[in-house]
Amino acid sequence: MVVPGVTTILQPLMDFSHVHPDVLARAQEFGTAVHYDHEAYFRDGVGYPTDTAHGLLAWQMAHKYPDRADFLRWGGTVEHELTHTAEGFTLEGRLDMLWLFKGVPVVGDHKTTAHLKYAKLEYADLFGHAQAPCYALF
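Numbering follows this note's numbering, in which position 7 of the sequence shown is assigned residue number 7; successive positions increment by one, without gaps.
The hints are simulated quantities; they were obtained by calculation from the structure and are not laboratory data.
Some hints here could point you the wrong way.
Stated by the list, open to error - Label-pair ranges, simulated between beta-carbon atoms:
#1 Asp15 - Arg68: 34 to 40 Å
#2 Gly75 - Ser17: 37 to 43 Å
#3 Phe89 - Asp51: 40 to 46 Å
#4 Arg73 - Ala25: 34 to 40 Å
For each residue, glycine too, the CB sits at the ideal point set by N, CA and C.
All chains should be modelled from the sequences, with the hints used to inform the complete structure.
Here it is, written out as structure tokens:
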């Protein structure tokens, strides 16, 4: 049986019908590249490729994450797989990053944007984000 992930379930909440499919495809490729840059850094210690646009953006956002040494010391994992079943429904997904800070689980979710001025970087800005309640289940 195929179990949909959080992103698949939330797709109806996001309307991109006004955006040309080629633009969406390029944005998806760019976002995936930024995601892999973060993953390679935190999992493998590979430096950010700042000679590329995606690597430069990932590097610019890196200061919002814990230092890699702290991340590892705090038991950090990347692409942390999880499953949650409640009332006959099962959700599966992967958390981009998960670590414990003073015994409290912290989820890191890699997002990209056309410009850093649109990034949700402050704690209060994250309330109302569609994925946040799903993370709280896990």
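*Could you tell me whether the CB distance from Asp15 to Arg68 stays inside 34 to 40 Å?*
The hint (34 to 40 Å, Cβ to Cβ) holds, given that Asp15 and Arg68 are roughly 37 Å apart.
*asked:* The hint says 37 to 43 Å between Gly75 and Ser17; measuring C-beta to C-beta, is that right?
replied: Given about 42 Å between the Cβ atoms, the range holds.
*CB-CB spacing for Asp51 and Phe89 relative to the 40 to 46 Å hint*: With Cβ atoms ~45 Å apart, the hint holds.
*asked:* Given the hint of 34 to 40 Å, is the C-beta distance from Arg73 to Ala25 inside that range or not?
replied: This hint holds: roughly 39 Å between Cβ atoms.
Going down the numbered hints, you'll see the structure goes against none, and every one checks out.
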